[in-house]
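If you read the protein sequences in the order shown, they are chains U and Y.
Quick note on the working numbering: the first sequence kicks off at 51 and runs consecutively.
Quick note on the working numbering: the second sequence kicks off at 2 and runs consecutively.
Derived by calculation from the structure, the hints in this document are not laboratory data.
All values derive from a computational prediction rather than experimental measurement.
Each residue gets a CB set at the ideal place from its N, CA and C atoms; glycine is no exception.
Treat the hints with care, as some may be off.
[As the list claims (entries may be wrong)] What follows is a set of in silico ranges between Cβ atoms, one per label pair, in the way DEER data are often shown:
1. Y:50 with U:214: 50 to 60 Å
2. Y:221 with U:120: 31 to 41 Å
3. U:121 with Y:272: 50 to 60 Å
4. Y:229 with U:227: 31 to 41 Å
[Stated by the list, open to error] DSS-like mimics (lysine-lysine), calculated; alpha carbons at most 25 Å apart, straight line:
5. U:299 with Y:31
6. Y:85 with U:182
7. Y:151 with Y:85
8. Y:31 with U:274
9. Y:31 with Y:98
10. Y:98 with Y:226
11. Y:98 with U:279
12. Y:31 with U:181
13. Y:252 with U:226
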Amino acid sequence: MSKGFLLIAQNNGSNDYVKQAVYCANRIKQFCPSASVSIITNSVRYLTDNFQQDIFEHVIDGINLPKIVNNRIMFDGALSNKTVQWNNVGRDLAYELTPYEETILLDTDYIFCNNLLEKCFNSVDDILMYKKSEYLGSTGTEEFDRCADTSIDFYWATIIYFKKTQKAKVFFNLVKHIRENWIYYNNLYQINSPNFRNDYAFSIAVHTMNSMSQGNYVGELPGKMYYIKDQDFLEKINDQILTFLVGKKDHLGEYTILTTQDLNVHVLNKSSLERHIE
Amino acid sequence: MNKGIVLLAQNNDTDNYVEQSIALAMSAKKFNDISFTLITNDKVPAKYTKYFDNIQPISWGDMAEDKAWKIENRWKVFHQSPYKETIVMDTDMLILKNIDYMWDFYSNYDLFFTTNPVTYRNEPIISDYYRKMFTENNLPNIYSALYYFKRTEFTHNFFSYLEMVIKHFDQFQQDLCPNKKQDKLSLDVAIAMTIKLMGIENQVTNKNNTVSKFVHMKSFIQNWKSSRAVWQNLVSSHFTNNLDLYIGNYKQTNIFHYTEKDFLKNANVIEQLETHNV
């Protein structure tokens, strides 16, 4: 049965997701040497012209993926931000587009420092996601407990393990339906997000498939989702040792240095990430 | 009679507890073949008497005649229950599941009080917002909204003590609640003091219990970060065509303690149940 990692890179003029994907793929290969990695991108030409493409087993043209561009304020540290265009639509199509029987779909801004995720392959569950998360900085992580204060549990769409099964197919189709009717679901679940967000759509799908209650339709990925915010900085990458500057609570623009070792980290400050992967 | 649910309803100037009792009995009949006894001095509309196997007046006079918050008669349920095994409930509740398994659980006890209700999201209630009396006086954290008793000497003793505590509530508070006092008679506090007085907490509660529980909808204990006094202003509520109740898009499959009396009218509960020939 084929198994592999799948990255989606849709460049938007502000961030170079292809570059991030190439870096991410190399990190996957470093810590999971036998892993297969594939990419879906709307910038195939850019990839082939500028990067070592043989890191990818399959390069899948995503030029026909839905194009709904959201505007989003993206920070680069606490004191700098800009409004960027953000095309995050189409993640629900990963089920149809993946070349694998077992897939780990993941964001390009996820820095591999261990092989923990590889252990998901051969899971008894058809779908695995992260529900537990931990912010590496000084403030709490409660912002990602729920989609909104009175709403449902939050699941991260950053990493999704799935098998090619009827159960997963139904799940991804439901996410697609939620995306296509986002205004309705956004209001129904009191999320009040101006933009479509994959985490919310997948969370609603999980809640729905759990018969509108708590449940175990989706299993949990191993460990936790560790992350830094876009108000923080990635300071240094030294193999599996990562150094961050995380914002001090109630002291805007002041940071605390933090080091992790052997820990996979989701870096929400994409600009900061790109500066380190030149 | 072997088993049944007893409700004690006394209307006051603002709230119709008989109407609540009718809704409770109707909701239960959808899932259960269960006997109900209603103890009330108020009139029950003829078309709704069919939901009760017994309707009887309050014995030994109305001790709450001049009270707006009518608690003084609640100890009488033990003496008036026609059943060998009785569940007593507050009237502002709905039964949204089959509760046969709860009887099996209760059969291990002479008397059992719930100590761990849940939120509408089926999570443990963490806050003691409404329970400072219990925390500060180290009282057993029991809820009288749902409890069970068998007709035994032990329970007879308990209700005799409870009668005494209710009749002399202020005096017992002086001794048993040195750190914080309740302005008006509270059944929860009276029962908690009785349990403490008799030293029987471990006999009548079980902190690991997951069977005898209910959804407690008081607003400030829903694990929301920002709350308001009225939960109906924060989350949606609706019945589906199958009479499934959804609160904030969570399907309610438990015993539901709505606490806000106007919920019955706002959600058209009795009309919905009647429409479906319950």
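Inset, instruction - Starting from the hint 50 to 60 Å, judge whether the C-beta atoms of residue 121 of chain U and residue 272 of chain Y obey it. - result: Hint violated: Cβ distance 46 Å, outside 50 to 60 Å.
Legend entry - Given hint residue 274 of chain U paired with residue 31 of chain Y - CA-CA distance at most 25 Å: Distance of about 42 Å is beyond 25 Å: violated.
Legend entry - Hint consistency between residue 31 of chain Y and residue 98 of chain Y [alpha-carbon to alpha-carbon, up to 25 Å]: 8 Å, holds
Inset, instruction - Sort out whether residue 182 of chain U lies within 25 Å of residue 85 of chain Y, counting only the CA atoms. - result: Since the Cα atoms of residue 85 of chain Y and residue 182 of chain U sit roughly 47 Å apart, the hinted pair is violated (cutoff 25 Å).
Inset, instruction - Starting from the range 50 to 60 Å, see whether the pair residue 50 of chain Y and residue 214 of chain U falls in it by beta-carbon distance. - result: 59 Å, holds
Legend entry - residue 98 of chain Y paired with residue 279 of chain U [C-alpha distance capped at 25 Å]: 43 Å, violated
Inset, instruction - Could you check the hint for me, namely that residue 221 of chain Y and residue 120 of chain U are 31 to 41 Å apart, CB to CB? - result: Hint holds: Cβ distance 35 Å, inside 31 to 41 Å.
Legend entry - Distance restraint between residue 31 of chain Y and residue 181 of chain U, which requires alpha-carbon spacing of 25 Å or less: 35 Å, violated
Inset, instruction - Would you mind confirming whether the straight-line C-alpha gap from residue 252 of chain Y to residue 226 of chain U stays at or under 25 Å? - result: This hinted pair holds, its Cα atoms lying about 23 Å apart.
Legend entry - Pair hint residue 98 of chain Y and residue 226 of chain Y, alpha-carbon separation not exceeding 25 Å: With a Cα-Cα distance of about 30 Å, the restraint between residue 98 of chain Y and residue 226 of chain Y is violated, given a limit of 25 Å.
Inset, instruction - Could you tell me whether the CB distance from residue 229 of chain Y to residue 227 of chain U stays inside 31 to 41 Å? - result: The hinted range 31 to 41 Å holds for residue 229 of chain Y and residue 227 of chain U, with Cβ atoms some 33 Å apart.
Inset, instruction - Decide if the proposed pair is consistent with the structure: residue 299 of chain U and residue 31 of chain Y, CA atoms, cutoff 25 Å inclusive. - result: 52 Å, violated
The structure is inconsistent with the numbered hints 3, 5, 6, 8, 10, 11, 12, although it conforms to all the rest.
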